[in-house]
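Since the structure of chain A is already known, use the hints to place chain Y on it.
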Amino acid sequence: MTFHFEILGTWGPFILEGLWVVLGLSLVSAFIGVAIGLVCAFLKKKKIIGTFLSFYIDFFRGTPVFVQLYFVYFGLPALMGLAVDKWWVSIIVFGLNSGAYLAEIMRAGIEGIDKGQIEAAKALGVMQKDIIKDIILPQAIRSILPAIINEFIALTKETSVVSVLGINDLMKRYSFVVAKTYSPFEPLLMIMVTYYILNKILSFIGSMIERKLKYD
Amino acid sequence: MIKVEHLYKDYSESIKVLKDVSFTFEDGKTYAIIGSSGGGKSTFIRCLNMLEVPTGGVIEVDGEIINQGKVNLSKVREKMGMVFQNFNLFDHMDAKKNVAYALMKVKKMSEKEAYEKAIRGLENVGLGHRVDSYPHQLSGGEKQRVAIARALAMEPEVLLCDEPTSALDPEMTTEVLKVLKNLSHTGLTMIVVTHEMNFAKEVADYILYMDKGEIAECSTPEEFFSHAKTERARQFVANML
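Protein chains in written order, with the working numbering: chain A, 1 to 216; chain Y, 217 to 457.
Isolated chain A (complex conformation) (with noise of 0.2 angstroms):
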C-alpha cells in the first residue's frame, strides 16, 4: 500500500477549481428554492393552486433528483427536439427540487405558531403587518432554522451529481484527474474532506445564527 499524495499538488488546486461550480450552484439554487418554498407555504392551503402546488411537491420529493437532472437534460429534450444548456437544466432542477422541499419545512414553521400568540397580538390592537414581522416571523424561522440549514447541507451535497451532465464540478475534475494519473484514492479523499469542510462551516454558520435567535 502506497499513498502517491505528491499528485494533489499537481491536481489538487485544479480540483479545487471545481468548488467555485459547487457553490455557485447551490447558492443560486438555494435562492430560487427558497423563494418557491415560500410562495408555496403560503398559496398551499388555496384550492386549485394548492392542488397544483402539492403535486409538484409530491413530484420533487417522490422521484431522485439524479433522474430528475437526466429527465430535463436528456428526456424533454429529446421529445420536444431542442438543446438546452447544461447550467439552466441544473439550476432549475437543484431550485425545484429544493424548493420542494423547503415549501414543506416554512409550511410546518408557519403552521407551528401558537394561534393564542397571534391572539393576543390582536387583542392587544396590534396589526396584522406587525403581528406577523414581530411575532409570528422571528419565532417561525427560529423554529426552521435548522432543517434548512439540513437541507442546504443536502443541496450543497447532492449538486455533485451534475458531472454526469459534464458540468466541471469536484467530481467531473476528479475522473478527469483520475485517468492521468491512475490513483483515485488520493483525489476522492481530497473531494470528500473539501464537502465536509464546507458542510462543517455551513452548519457553523447555522449554529451560530441558531444560537443569536435563542432565547431559552
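Do not take every clue at face value.
[What the hints assert, rightly or not] Pairs of lysine-lysine residues, derived as BS3-like cross-links and limited to a Cα-Cα distance of at most 30 angstroms, are as follows: (1) Y/LYS286 with Y/LYS445; (2) A/LYS133 with Y/LYS324; (3) A/LYS122 with Y/LYS394; (4) A/LYS122 with Y/LYS219; (5) A/LYS129 with Y/LYS313; (6) Y/LYS286 with A/LYS133; (7) A/LYS122 with Y/LYS286.
Simulated from the structure, these hints should not be mistaken for laboratory data.
Note that this is a predicted model, so its numbers are computed, not measured.
Quick look at chain Y alone, frame taken from chain A:
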C-alpha cells in the same frame, strides 16, 4: 359600556354556540360569567372584542357598533384588554418586552417610556424581580400576572378574562385571583369567565349564568348562591357545593 343585542354564533347548521344573547355591561362593574362547559361562555367573551366573529346580532362599545361595516378594530381593542386561559405570552420576548411591545407598536410610545411603564406595571403585579425573565422561566401564576400587566399597561376601560386561572394549580390560582380582586376596586370594568365560585362570590358585582348558549340568569352573588331565579341555575349551584 358594552351593549350586546340578539347575538348569535353558529359554527354550522347543527352547532349553535350562542342563541340570541342580549346584555349590557355597565362601566366600572365586575361581572363573573359562570356555567357548565360548552355553555358558550368563552365564545361570548371572545365575541366582545371580535376574536370570534358573531353570525348575527349587534355589539356596541361606547356607542359604536363594532361588528358591522368598516370598523377600526385595533382602536376598539385598545380599549379592551384581554387575559387568556393559556396566558399567550410572546415566547421570544422577556417579561418587560411582552408588556412594552404593544405600548411601542400601538400606543407609539418611545422605547424608554414603554419599558419604564412596563417595569412599573410588572412591579404592580408583584413581579418587579422578574422583568428580565422569559416566559419559559416563569411559573404559570407569574406568566398570568405578566399577561395581566401586559393588558393593563394599555390602560383599557374593560378587562376581559377568559378562564384566567383554569390552567393553574391552586396556590398559583390564589396569587392571580388576588391581583384580579385588587383590580375590581379601581373603576375598571371586568368581565371574567371563571370556574372559581369563591372568586365570583367575593369579587363580582353580578353573576351571569350561561347555559346552552343563553344567558339564563343575571343576579348579584348573594341572590345567585342563595336563591337563584331559575331552576337550572339552582341545579348548577347545588352541583357546585
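**OP:** Quick one: which hint numbers does this structure break? Sort them smallest to largest.
**Re:** The structure conflicts with hint 1 only, although it agrees with all the remaining ones.
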